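Visitor: Please model the complete structure; the sequences and the hints are all you need to start from.
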Amino acid sequence: MSQRIVIHPVTRIEGHAKVSIYVDDHGEVQSAQFHVTEFRGFEKLAEGRPLHEMPGLMSRICGICPISHILASSKAGDMILGVELPPAAYKQRRLVNCAQVLQSHSLSFFHLSSPDLLLGMDAPVERRHLFGLAEQEPEFVRRGIRLRQFGQRIIELVGGKRIHPSWGAPGGVLRPLTVEARDEILQWIPEALETVEFAIDRFKAILDRFQEEIEHLGNFPSLFMGTVNEDGELEFYDGRLRLVDAEGNIVADGLNPERYFTFLAEAAEEWSYMKFPYYKPLGYPGGIYRVGPLARVNVVHSMGTPRADRELREFRQRGWQVHNESFYYHYARLIEMLYCVEKIEELATDPEILGEVVRAKAGINHLEGIGSCEAPRGTLFHHYQVDEDGVVRKVNLLIATAQNNLAMNRAVEQAARRFVNGLRLTEGMLNRVEAAIRCYDPCLSCSTHAMGQMPLVVELRTLSGELLDRLQRD
Amino acid sequence: MSIKTLTIDGRMVTGAAGESIFDVAWNNGIRIPRLCHVGGISDVGACRLCLVEIEGWPKLAAACLTPVEEGMVVRTQTERLRRHRKLIVELLLAERNHVCSVCVQNGHCELQDLAAELGVDHVRVYYRFPRLGVDMSHERFGLDHNRCILCTRCVRVCDEVEGAHTWDVAGRGVNCMIVADMGEPWGNSETCTSCGKCVQVCPTGALFEKGKTVGEMYKDRRFLKYIVTAREKRQWIR
Ligand code: SF4
Chain R
1 MSQRIVIHPV TRIEGHAKVS IYVDDHGEVQ SAQFHVTEFR GFEKLAEGRP LHEMPGLMSR
61 ICGICPISHI LASSKAGDMI LGVELPPAAY KQRRLVNCAQ VLQSHSLSFF HLSSPDLLLG
121 MDAPVERRHL FGLAEQEPEF VRRGIRLRQF GQRIIELVGG KRIHPSWGAP GGVLRPLTVE
181 ARDEILQWIP EALETVEFAI DRFKAILDRF QEEIEHLGNF PSLFMGTVNE DGELEFYDGR
241 LRLVDAEGNI VADGLNPERY FTFLAEAAEE WSYMKFPYYK PLGYPGGIYR VGPLARVNVV
301 HSMGTPRADR ELREFRQRGW QVHNESFYYH YARLIEMLYC VEKIEELATD PEILGEVVRA
361 KAGINHLEGI GSCEAPRGTL FHHYQVDEDG VVRKVNLLIA TAQNNLAMNR AVEQAARRFV
421 NGLRLTEGML NRVEAAIRCY DPCLSCSTHA MGQMPLVVEL RTLSGELLDR LQRD
Chain D
1 MSIKTLTIDG RMVTGAAGES IFDVAWNNGI RIPRLCHVGG ISDVGACRLC LVEIEGWPKL
61 AAACLTPVEE GMVVRTQTER LRRHRKLIVE LLLAERNHVC SVCVQNGHCE LQDLAAELGV
121 DHVRVYYRFP RLGVDMSHER FGLDHNRCIL CTRCVRVCDE VEGAHTWDVA GRGVNCMIVA
181 DMGEPWGNSE TCTSCGKCVQ VCPTGALFEK GKTVGEMYKD RRFLKYIVTA REKRQWIR
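So the sequences go chain by chain: R and D. Here the first sequence is numbered in the numbering used here, starting from 1 and rising by one per residue. Here the second sequence is numbered in the numbering used here, starting from 1 and rising by one per residue.
Derived from the structure by calculation, the hints contain no laboratory data. A couple of the hints might just be wrong.
Said to hold, decoys possible - Simulated restraints, written as ranges between beta carbons of each label pair:
{"#": "1", "chain 1": "R", "residue 1": "387", "chain 2": "D", "residue 2": "108", "range": "24 to 30 angstroms"}
{"#": "2", "chain 1": "D", "residue 1": "188", "chain 2": "R", "residue 2": "230", "range": "54 to 60 angstroms"}
{"#": "3", "chain 1": "D", "residue 1": "91", "chain 2": "R", "residue 2": "156", "range": "33 to 39 angstroms"}
Predicted model only: the values in this text are computed from it and were never measured. Glycine included, C-beta positions come from ideal geometry on N, C-alpha and C.
Guide: The structure is reproduced here in structure tokens:
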């Protein structure tokens, strides 16, 4: 008789999920699935709304990365208006995007992942959370909280509000950046740089303890996709897409994100609300690709800022040109945080960012618009069709987390095979399965456009589907 | 012109014969809530928010439509009135789809302000969630029926001040809708002069300038006083 283990809800991720682990008669894991069990229908409810409402409406998809949705949505709007942004608006958008990635990555690293990393995967569950960590490492936690605050403060200073600011619009942004706001941003830079470097040092110091996890938490070959600029450097706001394979060979380069549907497609499985995007030329599921920090760091030639580049060199010295180990998402996230702080400084010192002209105005000049940017969790696409009056007729959202769906499933299965052993479930086993998911820092609210914080359930089932054991954590 | 003396909320006030309780109260700094009244155009008593108690009267009266009378004793802020007003606002919110967080008028909406003022922290009736359209056919303006409260300010200002009479109300009950001309898309209207007066007097985000995004719409109705003064007194002053 074979069995199935279910982890539900998966904790310390954004959203709701369930993991099913199928085991055979001997308790050996045969397969595992990561299901997303909620559905929201944002694409549907946007239909019939005016184009200019879209950035605000789409921002509501997620409270962690509203900025990414505002940006992708505004960019789709720019394309529909057929305008080129005033330089100040363009730079404001880039600045806020870096701030958004920084605050989201800080949340992922300090608040969500560091309990596992610093206290250990087998630390008792009552202590293995942010507050437990705060008792043991108050300084580390304090700095992490401050760093996230920095990112959010920038969003507040530029956008007017920390979460869901009314700031981005088709054609630009709503208001110029003030000198005072710019100066405050610059004041934070030294502390932010120090915190990120401190976090990187801590992470590198403990990395060796996680050999087992590095090997088995989602270490498999796949494609990686990310946005790069003309020089092959990291780019968050606008550039071309590059795909590399598991050895780092460039599979495709210079892809125009506005033509994403020519090289990406989505498959659906009846056991999950989250779709399964894949790289079209390699088919489904062979076209499995990963996005997000690890993917971006894998595809770039260099980061494009001095400190981040130094870390990238060291990162690459730890293995091949390309890291397939999902555990390294954490590492990549840290390198990106460094890049963000450096970029924020660069953008904030650029006098053009203070420009008064921040909005290009135009009517509806194209009936279709696609906007993409690099969200904290990977490439994000918003695709709209409008009528001549600017009323939205059709929306397609391709979300970063969904693009990691195939990879997360692969990672969960691999972790389950390694750490779960048959008829009994232990906290440590389940936590490793969860940790495999958490590497991707998935945001399920975004990817299913689904609502609320959802916890994880893990179910243990026989191959025929009979439920054997179930563990739920809220 | 004869002068009437009356008591509003315990204060002795005076107003000209024919003046409404509403105007006299406001002239004396007594704020009565309203959504359909706007100074400079006629009153219709559509929103029922300005209901007041008058001693000796069996029913509540709409302050905007009730002329002052000698010796009247009016109360504008009783617990009963507050209850009624709160329910009216809840009904308005439940009748159509008010999603403030993504509305062009968010933060400067008369309905939203009133809801906040009356302590509407939730709505006790079921939302109707009607499927209503947005008319974006006009070159400069949009009409979102989801946010329309049928106050008819737009209908009156267009008729009485602009003189175009583009807007009307069609249908009955919950099917009641603001229509341009004989129910044409606004952009096809032959009577609309695109002056935008209707947009500026609209208390909510129902009428707005195209291209405005969340919270970006501010209404400016200083023009009304200017035009009305110019017309009535032949004085062109702001
Ligand atoms: S018009 Fe807009 S801001 Fe006003 S109550 Fe309705 S949705 Fe809210």
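Visitor: Confirm or reject each hint.
Guide: Checked hints:
1. Remark: the range hint 24 to 30 angstroms for residue 387 of chain R to residue 108 of chain D is upheld by a beta-carbon distance near 29 angstroms.
2. Our hint of 54 to 60 angstroms for residue 188 of chain D and residue 230 of chain R is violated, since their Cβ atoms are close to 48 angstroms apart.
3. A hinted range of 33 to 39 angstroms holds for the C-beta pair residue 91 of chain D and residue 156 of chain R, which are about 36 angstroms apart.
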